[in-house]
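Chains R and P, in that order, are what the protein sequence lines are. The first sequence runs 52 to 293 under the numbering used here. The second sequence runs 52 to 293 under the numbering used here.
Just so you know, the hints here were simulated from the structure itself, not pulled from any lab data. Fair warning: there could be bad hints in the mix.
It does not matter which identical chain is used: a pair holds within one copy or between any two.
What the hints assert, rightly or not - Derived DSS-like pairs: lysine-lysine, alpha-carbon spacing no greater than 30 angstroms straight-line:
no., residue 1, residue 2
1, Lys175, Lys96
2, Lys68, Lys122
3, Lys83, Lys122
4, Lys122, Lys175
5, Lys193, Lys181
6, Lys193, Lys102
7, Lys112, Lys175
Protein chains: 2
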Amino acid sequence: MPSLKKAPEATKRDAVKTRARILDAAQSLFCKHGLDGSTVEAIAKVAVVNKRMVYYYFGGKAELYLAVLEKTYANRRQHDSVLEMTEGDPEQCMRRLVRSSFRYCRNNPDYIKLLLAENLNGAKHLRRSKKVLNLHSPLLEKLGALLERGQQIGLFRAYTDPLQVYLTIASLCFFYHSNNATLSTVFGRDFSSSDSSIEREVHVEDVVLSYLKTRPSVEKKTRHQESAGHKPLEMIKHDNVN
Amino acid sequence: MPSLKKAPEATKRDAVKTRARILDAAQSLFCKHGLDGSTVEAIAKVAVVNKRMVYYYFGGKAELYLAVLEKTYANRRQHDSVLEMTEGDPEQCMRRLVRSSFRYCRNNPDYIKLLLAENLNGAKHLRRSKKVLNLHSPLLEKLGALLERGQQIGLFRAYTDPLQVYLTIASLCFFYHSNNATLSTVFGRDFSSSDSSIEREVHVEDVVLSYLKTRPSVEKKTRHQESAGHKPLEMIKHDNVN
DNA sequence: AGAAAACTTAACGTAAACGTTAATTAGGTT
DNA sequence: AACCTAATTAACGTTTACGTTAAGTTTTCT
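Please put together the full structure from these sequences, using the hints given.
Below, the structure written as structure tokens:
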């Protein structure tokens, strides 16, 4: 047995594990308190590690944050890549996709939190990442193929833009979870309850499928042009001052 | 003229104006950099005011933040309350509502930012507000009445829950704007462009109306129960670790 | 005009957090 | 067994930001 390490039995020093502990602690705290809200000292404490280790392994707070971000995105992509969409009833495939997306948001609050934080700062950190750029999104391609399959059997409407459909699914799944706190506060009820979540999930599935299965009429297209095409956005601008 | 103040002509001291300047500066900075990211000193500087004034007028940073929050919510409510939905073609009313909501998000990035920030911290500050609780939302009631009107002329489907419809509209309008930064980064294109925005707006309108105008089949209802009712959420849980 | 109230300012105390310097320990290598 | 390097620690310097103290200046009211 040449390169087999002996059983570590409570090894005092382990670079990989230490690094991982820091990363996990950072994710947990960044998601709870944001980048500014989390201190390097607190992260170190949770990771049971000396503060200096953060700088040793990651260089600094910002780089650590980026590492957390990339890990989170990778997890999401991995989740998407597992989805089977190339065969079977297109409607069922689509429902599976929507459900999967909804539940991913439900089960991964960290993902939600990190995206919220990034959007608050204009994706300042995400933009520094080389790993995250996704010009040819595999998910978008799979979704496009699925839409095509559905169209060909006359189930889905024609002329759908996969990107728009993707955005719609993402909106419906993400928003409910990202804005759960304010929604619950304003409406004075608990949207995070299991019952509310299931009810919402059913509705979301319904909305997406209704859209895809609706054959757009010429009449409707005309209305669209009326409503959005002619009136410039500035005309109904409202500013935010008192 | 008993209680008519004389013309101030460049008054050196003006409590209301000073207070307002602080509030505006705070809103601007809080939205750009968040609560933690903004310093009282910076706010004072933008407001052209001594730092001490923040404490004099608002008591502290947290209270100032709450004041900004309440002002922003009030502005949104005021915007909603103006909408006419009680007469005219229900479809047109609904399209107007969706468009109005979409464009409000587009034109009020501060509103978006503050909501994002609140959701990041679990609505910690918003919950301290007495003004914001909205148990009997006037908008929800107006929306319910509109749905009813549409149903009665056979235009909209029956059994719609106004709350779910509201959430759907909010999702579709809010998400595109709240997540514009990360979406643009990941897909490598500019979703904030006027063209993208208009294209999205048309799609969103289309999605909402498709849902409302689709008559749910019995078959579909059965599928829903299959898909969401029986399988418990825990069964497809994914955790966020590597 | 004078006093009181409202408003404004400068300067300071204190605490917390980032990142660094430099010394120390453990593990594997020769 | 001595050694060398990777991993770890303690302690410190510096900056920054919150909030306060106490004193000054307008405005307003009598």
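Status of the hints after comparison with the structure:
| no. | hint | in the structure |
| --- | --- | --- |
| 1 | Lys175 / Lys96 | both (27 angstroms within a copy, 24 angstroms between copies) |
| 2 | Lys68 / Lys122 | within (16 angstroms within a copy, 48 angstroms between copies) |
| 3 | Lys83 / Lys122 | both (17 angstroms within a copy, 26 angstroms between copies) |
| 4 | Lys122 / Lys175 | both (17 angstroms within a copy, 28 angstroms between copies) |
| 5 | Lys193 / Lys181 | within (23 angstroms within a copy, 47 angstroms between copies) |
| 6 | Lys193 / Lys102 | neither (44 angstroms within a copy, 55 angstroms between copies) |
| 7 | Lys112 / Lys175 | both (14 angstroms within a copy, 25 angstroms between copies) |
Figure legend: structure checked against the earlier numbered hints; the only hint not met is number 6.
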